[in-house]
Structure formats: structure tokens, C-alpha cells
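Given only the sequences and the hints, what does the whole structure look like? Please build it.
2 protein chains.
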Amino acid sequence: MAGVAIVGGTGASPGLSVRPVGGLPLFGPGDDLAGAITQALAAAGDRLEPGDVVVVAQKVVSKVEDRTVPLAGVRPGEQAREVAAKTEKDPAVIELVVREAQAIMRAVPGVVIVRHRTGHVLANAGIDASNVSGGEGESVLLWPDDPDASARGLRAALEAAHGVRLAVIISDSLGRAWRMGTTGSAIGVSGMKPLRDRRGERDLFGRELQATIIGVADEIAGAASLVIGEAAEGTPVAVVRGAVYDPDDEAGVAELLRPLDKDLFR
Amino acid sequence: MAGVAIVGGTGASPGLSVRPVGGLPLFGPGDDLAGAITQALAAAGDRLEPGDVVVVAQKVVSKVEDRTVPLAGVRPGEQAREVAAKTEKDPAVIELVVREAQAIMRAVPGVVIVRHRTGHVLANAGIDASNVSGGEGESVLLWPDDPDASARGLRAALEAAHGVRLAVIISDSLGRAWRMGTTGSAIGVSGMKPLRDRRGERDLFGRELQATIIGVADEIAGAASLVIGEAAEGTPVAVVRGAVYDPDDEAGVAELLRPLDKDLFR
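In order, the protein sequences belong to chains Z and B.
Residue numbers for the first sequence follow the working numbering, so the first one is -5 and each next one is one higher.
Residue numbers for the second sequence follow the working numbering, so the first one is -5 and each next one is one higher.
Misleading hints may appear alongside valid ones.
One copy or any two copies: either way a pair holds, since identical chains are not told apart in the list.
[To be verified] In silico SDA-like cross-links for lysine to any residue, where the CA-CA straight-line distance does not exceed 20 Å:
#, residue 1, residue 2
1, K187, M99
2, K83, R159
3, K83, T32
4, K187, D242
5, K187, M174
6, K83, Q73
7, K187, G147
8, K187, G223
9, K80, R41
10, K83, T206
11, K80, G17
12, K83, R193
13, K80, R69
14, K80, D255
15, K80, G24
16, K187, A143
In short, the hints are calculated from the structure, not lab data.
Structure below.
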């Protein structure tokens, strides 16, 4: 099945829509995220269509998977104390950062960049103290244990509930090496190839296209980020309709990650 | 004026739409890009609304600004010959890359990464031989001389024609340091701040948001990239409606560029 296309908008041409899923509850450990999404869509008179990509913010996935860690029980080891001193950050938080990291890439005052155990390079190993219940600073939220598996589980439940083929992306806001600001990025995927390989396609003059491997899952996560808010009025789930991608039952997010030995920028 | 919102889609909730502008001609030097966009929208029974972001692929901007360079007249200098040898690329193309670069960041077989004179870090200084008329390899297309100025000019013409306040983004597909695949990115902007600063906003529990400076112009460019095709069926222009951004008459793309001395990833 091609990624299908066509959607709303006022024009006659096909296009893309990105709609927030409103009316979701606050989530806690063990909650049925797919069920809540389905209920919220139904309450809005909406439904999922074949090829839709459901983008879910990492935070709510981590919450239902009970990835909250109370800081009181965390004892910083030697490496954590060193990195905490360099970064002027809470040693207990940094202990969790170290546990979640394959490698510490950079530690300077206020900033710690790591290569996460999943292979993503990001600040604080994705650990965030906001939007977690409990008093300020008392607990933090880790990434899902296996974001691809989280995406697969959500996709299976949503496909069963809606009777259509879907893709699911777990997203987070990641910084970039050379550019300021974060962009919504895919940290787990199911149902699609995260890259779209257009090599071999021809341009208007019959020549092969150049920049032809597209990080389509990141572009979709970024589009969803434009409607997914982290603040009070926000919702953690969006439905992207009309994106062209290659459906795939096996692919995970790994092919989006540049191997360190292919790093072209340092 | 807030970035306004609301659009198409089948749900009751607000959201984002990204619509390709179809029916555009092939462009050449001196062509009226804003006029062609306005005509194509009118032919589709469509119009621009307040707050719309018009995203235009760099290639067509470069074409109307006559940034095509025939390679036959390019004499490679010493630096270009060295870099061409390292990268196994055409010395004439590399001469243009060198002229467009502040600095060569990396040169290995098949790859040259530069810091462009505009400050962007990217492969080949954005020089691309596809979709340029003339025989294969005979000419290449440089980035616009000043992509922010290109965006300002387009915005002024489109605002005059449509009588609404708009933003314009000139986009290109850029690679990333740590991730595979390109994503549509902003290389010139007008009418908006390219970053959205949410510091000071509070989460559901009253705590300050963390990842709170968002590269919103890049997210919009990435969303547009999902409908902007480079191949035969593609169109170089998309209209993004419903994105929340901070309107600004002065801002250019510069604040999206991380200063080299603030590079956190190397």
C-alpha cells in the first residue's frame, strides 16, 4: 500500500493534514493509550483512515510505561558526580543520564549531550522533569525502554480498533548540531520505513535526483510537533494524513541514526 | 497577530494543513514567481489567508534569480583542485563550492561539507545539478545570493496580491550531523521569527517547560517537504496553514544558525 494521500484543505490539490487529538485524559502507569486515542477520536466524530500516521509524544508513552523515577532513591556513582560537577547539574539526574547513555559526548556548564543507549544523540539523555506528577524535582521521566516496541504495540492496538493499516511514530523534541532550536523527531517507529529512498527517480530533465534519501519520519514528527503542545492547552497526539512513505512491517528507527563512523560533520 | 490556526481535515479540532500549489510553470530567469503562485492558486479556486506560510523550494528561487552557472567557464583554483582530489568530485563544481563556502568542514571521497557563506552547514554548499536545464553536467544552480531577501521580496509581492499578512520560507533539503536522511529546512525567512521561544510557559503541573526553544521554521519547512516533490510530478511551492509562530517583520534566518563557538556536538 502506498502511503496514500489526499486530504482536507480548501484547494483542489491533494495535501497533508496534521490534526491534534483533543480531549485526551492525563495518563498514568498502565493506562490504555490506544484505547484513549480511539475514544477521543470517536468523541470528535473522527476516525483513522488507511495510511494515517499517528504521532505520539514520548512523554505520554513513558508515563503509561511507568518510566518515572523518583530521584530520592538514586545514588550517584563516580562518573555521575564528575559529569554533574562539570555540568553544574543535579548528580541524581546525571546518574540516570549516565545509565541511559552509551557515551557522554559533551559535558559543559548547563549542557550534557549523550549518545543514548538507543543510538540517538541528544541532551540529557531525553530525561525531562516537566509534566511529571509529584513535587517539583522529585521525579523525572526516562524514555521508553524500547521506543520501536512502544510504537509497534500502539500500532497493533490502533489497527485492531480501526480496521485500517497505519503507521505510528513516537516523537521527542531534539536539538541539532548546527542549528538552534529543537525539532520534533522520530525516536520510535512502526509500520513505515523512516527513510524514503528516492534514488533512481528522475527529475524534470531526466537526471537522477540528488538529495534523495529523505528523513521522512522526522519530517512527519516535526509536522506533528507544530500541533502537539507541551503546555496546558497542548495534546500529546496528532494524526498526520496524506504523507507519502514506504509502508514496512519490520523497520524500526535505527536506519535514521547515522553510525558514529559515518559522522560527516566532525 | 498570532499565527492563526484552524483548517481542513475531517475532525472538529483545529490543526494544520499543508497543500501543494499545483499547476505552476517551469521557471526561468526573471520570471514572476509571486505572480505565478497567485495565478495557480486562483486557477484552483484557492487563496491565501492571514497567517499562511508560503514555503518555496530554493531551486525555483535560484532559477528566477538566475543563479545558474555554466561549468565551462569555471577555472578551478588551487584549493578547489585539492578538495576535488580528496572528494573525487568535479573540480569546476568544487571551485563553486569553495567560492560559496566560509570554510570547508570536511572533505572525504564523495562528500564535501561546508559552512556556507550564509552560515548554514551543508553538503556541496547547496549546489545541485538536478532540475537545471541544459545538458547533463553542463551547469549547476547556486543558492540565492541572499535567501532572506528572496523571502522578503516574495512576501511583499504575495501580501500585496492577496491583501493578507503572510510569512514566507525558502527551503532546501539539508543533511544532519547525527541522523540519516535529509529534512526540509529553512534557508531564508520573512514575516516570522524562525525560533519559537516558549521559555516561561508552564506545563500541566505549573513547572517551566524544558525543551522550549523550537525551530518552528524548520518544522514548517519539513512539513512542506512532505508535499514538495523534486521529481516530475512535484511542485516547488506549498502553503502551510494553521502553524503557530511569532510574526516578525525584521527577523531573518540567522537565529536558526548555531554559532560555531556554541557548537555542542563536537
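To see whether the hints hold, each was checked on the structure:
{"no.": "1", "hint": "K187 <-> M99", "verdict": "neither (28 Å within a copy, 30 Å between copies)"}
{"no.": "2", "hint": "K83 <-> R159", "verdict": "neither (44 Å within a copy, 44 Å between copies)"}
{"no.": "3", "hint": "K83 <-> T32", "verdict": "neither (40 Å within a copy, 53 Å between copies)"}
{"no.": "4", "hint": "K187 <-> D242", "verdict": "within (6 Å within a copy, 37 Å between copies)"}
{"no.": "5", "hint": "K187 <-> M174", "verdict": "between (27 Å within a copy, 12 Å between copies)"}
{"no.": "6", "hint": "K83 <-> Q73", "verdict": "within (13 Å within a copy, 45 Å between copies)"}
{"no.": "7", "hint": "K187 <-> G147", "verdict": "within (17 Å within a copy, 38 Å between copies)"}
{"no.": "8", "hint": "K187 <-> G223", "verdict": "between (26 Å within a copy, 18 Å between copies)"}
{"no.": "9", "hint": "K80 <-> R41", "verdict": "neither (50 Å within a copy, 54 Å between copies)"}
{"no.": "10", "hint": "K83 <-> T206", "verdict": "between (41 Å within a copy, 18 Å between copies)"}
{"no.": "11", "hint": "K80 <-> G17", "verdict": "neither (43 Å within a copy, 57 Å between copies)"}
{"no.": "12", "hint": "K83 <-> R193", "verdict": "between (45 Å within a copy, 19 Å between copies)"}
{"no.": "13", "hint": "K80 <-> R69", "verdict": "within (18 Å within a copy, 50 Å between copies)"}
{"no.": "14", "hint": "K80 <-> D255", "verdict": "between (27 Å within a copy, 18 Å between copies)"}
{"no.": "15", "hint": "K80 <-> G24", "verdict": "neither (37 Å within a copy, 55 Å between copies)"}
{"no.": "16", "hint": "K187 <-> A143", "verdict": "within (15 Å within a copy, 37 Å between copies)"}
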